[in-house]
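Protein sequences, first through last, are from chains W and H.
All residue numbers for the first sequence refer to the numbering used here, where the first residue is 1 and numbers rise by one.
All residue numbers for the second sequence refer to the numbering used here, where the first residue is 1 and numbers rise by one.
One thing to keep in mind: the hints can contain errors.
Since copy identity is lost for identical chains, a pair holds within one copy or between any two.
Below are the BS3-like pairs computed for lysine-lysine, each with C-alpha atoms no more than 30 angstroms apart in a straight line [to be verified]: (1) Lys176 to Lys73; (2) Lys92 to Lys117; (3) Lys153 to Lys92; (4) Lys41 to Lys117.
These are calculated hints, taken from the structure and not from any lab test.
Nothing here was measured: the structure is a model prediction, and the numbers come from that model.
Number of protein chains: 2
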Amino acid sequence: MRVCLTVAYDGTRYHGWQVQPNGITIESVLNQALSDLLGEKITVIGASRTDAGVHSLGNVAVFDTNARMPAEKMSYALNQRLPDDVVVQESKEVAPDFHPRRCESRKAYEYRILNRKFPDPTRRRDTYFYHYDLDVANMNRAAQHLLGEHDFKSFCSIHTSAETTVRTIYLLDVRKECDMILIRVEGSGFLYQMVRIIAGTLLLVGSGRLKPDEVRAILEKRDRSAAGPTAPAHALTMLGISFAG
Amino acid sequence: MRVCLTVAYDGTRYHGWQVQPNGITIESVLNQALSDLLGEKITVIGASRTDAGVHSLGNVAVFDTNARMPAEKMSYALNQRLPDDVVVQESKEVAPDFHPRRCESRKAYEYRILNRKFPDPTRRRDTYFYHYDLDVANMNRAAQHLLGEHDFKSFCSIHTSAETTVRTIYLLDVRKECDMILIRVEGSGFLYQMVRIIAGTLLLVGSGRLKPDEVRAILEKRDRSAAGPTAPAHALTMLGISFAG
Numbered sequence: 001m002r003v004c005l006t007v008a009y010d011g012t013r014y015h016g017w018q019v020q021p022n023g024i025t026i027e028s029v030l031n032q033a034l035s036d037l038l039g040e041k042i043t044v045i046g047a048s049r050t051d052a053g054v055h056s057l058g059n060v061a062v063f064d065t066n067a068r069m070p071a072e073k074m075s076y077a078l079n080q081r082l083p084d085d086v087v088v089q090e091s092k093e094v095a096p097d098f099h100p101r102r103c104e105s106r107k108a109y110e111y112r113i114l115n116r117k118f119p120d121p122t123r124r125r126d127t128y129f130y131h132y133d134l135d136v137a138n139m140n141r142a143a144q145h146l147l148g149e150h151d152f153k154s155f156c157s158i159h160t161s162a163e164t165t166v167r168t169i170y171l172l173d174v175r176k177e178c179d180m181i182l183i184r185v186e187g188s189g190f191l192y193q194m195v196r197i198i199a200g201t202l203l204l205v206g207s208g209r210l211k212p213d214e215v216r217a218i219l220e221k222r223d224r225s226a227a228g229p230t231a232p233a234h235a236l237t238m239l240g241i242s243f244a245g
Numbered sequence: 001m002r003v004c005l006t007v008a009y010d011g012t013r014y015h016g017w018q019v020q021p022n023g024i025t026i027e028s029v030l031n032q033a034l035s036d037l038l039g040e041k042i043t044v045i046g047a048s049r050t051d052a053g054v055h056s057l058g059n060v061a062v063f064d065t066n067a068r069m070p071a072e073k074m075s076y077a078l079n080q081r082l083p084d085d086v087v088v089q090e091s092k093e094v095a096p097d098f099h100p101r102r103c104e105s106r107k108a109y110e111y112r113i114l115n116r117k118f119p120d121p122t123r124r125r126d127t128y129f130y131h132y133d134l135d136v137a138n139m140n141r142a143a144q145h146l147l148g149e150h151d152f153k154s155f156c157s158i159h160t161s162a163e164t165t166v167r168t169i170y171l172l173d174v175r176k177e178c179d180m181i182l183i184r185v186e187g188s189g190f191l192y193q194m195v196r197i198i199a200g201t202l203l204l205v206g207s208g209r210l211k212p213d214e215v216r217a218i219l220e221k222r223d224r225s226a227a228g229p230t231a232p233a234h235a236l237t238m239l240g241i242s243f244a245g
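With the rest of the complex left out, here is chain W (with noise of 0.2 angstroms):
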């Protein structure tokens, strides 16, 4: 059967979701503790490879399985197996052709700027601490130009090997709750380190040294060295993922 995982982590200990030779990363935990558990080889399949640093509440992954343990008690045996910055929030059968990078989906990610004149150290693993004032009014105005679809090349890493850099946005809301500036976006896939990218441009424009306006230009450039920096990752959270149909 093939098995789908919701899947939460704090990132600040991982070298990104997807495996790497050198360091431990999200994707690597969940293999050996899938394999562990099933007492088979487990490679998962997920559907965001977050980046190194990066945090997730929902993340998605699959695998095929052929134990006879009922797919919804896996998240409670796997999170005894789990270090406890990685957490299975649901297990369950999915059908055999449920692919989490092909199917039709719509990805929320949540971006955490801590704008006070100092740091809180309570926040500092998910949040980036920014001390200049910060025009949230002009960040949305700015945001507006990024809604639709779009070709994102501006807006992607250079070391990217996607074959179209055309994705959709649904939303890009930036709000402030007491002195965090949060900016939502929900889109049907992203680019590599596209919401950094967003962010950092976003900064730019909040801080005066963009105007709103400005970010239709960048967009249509299409060139990464036109967008602003990109952001650091550890204030970037995935947020969670809705499949079609």
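Chain W is fixed; fit chain H onto it per the hints.
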């Protein structure tokens, strides 16, 4: 001059506030950084001697110095020398007789319970994971019995050295925000482990093992063994202190 610091910290790595023979404490890293910065031996006096693992957004400490550095500049200079889990939020000169434990003050704490099916690894350092249902309305009913001036001997560790166990609670409120249950308490001062014992007792009420009105009898017994267990330290954050006058 006497200088007052507002200090935020992630207590995870620390053996509490107060200097200990074994293990680092918030007080010891502050004393070290201040002594290095000012070139004289500095010993701070803290307002709240928080337990090992407890966090703070705004504990208060004072010290005396002959240094000529303006007090307001010290926060920046100190943060350069402090580890990234201790951050001074403000430094200012105060009256030479200001003593943070002898002045009348109001202290605020928050105890965070994550009430959901599986743990959230990104919140494991500052929340207590509890997966059974909790009745927040009953927790609030129980809380009402603790409001006002009482002898809190039942809610104090037997290892206290306090002369009196009478304290005043101004506010004790339990609220639910999504999957988080937040216990907020404000008072004139708190006995050793008092907030954690209140949290542990309200957890018994929330889970139905204690009726809300039984909390009054527990209070009247003046016996630590009558109250609930001491809830884990890592889920407690000291929010701040305001001083009268």
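So, going through the hints one by one against the coordinates:
1. Proximity of Lys176 and Lys73 under a CA criterion of 30 angstroms is satisfied inter-copy only: 29 angstroms between copies versus 40 angstroms inside one chain copy.
2. In this assembly of identical chains, the alpha carbons of Lys92 and Lys117 lie at most 30 angstroms apart only when taken from different copies (15 angstroms versus 46 angstroms within one copy).
3. In this assembly of identical chains, the alpha carbons of Lys153 and Lys92 never lie at most 30 angstroms apart, being 36 angstroms within a copy and 50 angstroms across copies at closest.
4. When the C-alpha separation of Lys41 and Lys117 is checked against a cutoff of 30 angstroms, the pair qualifies only between copies, where the shortest distance is 28 angstroms, while the shortest distance within a copy is 50 angstroms.
In this structure, the one hint that does not hold is number 3.
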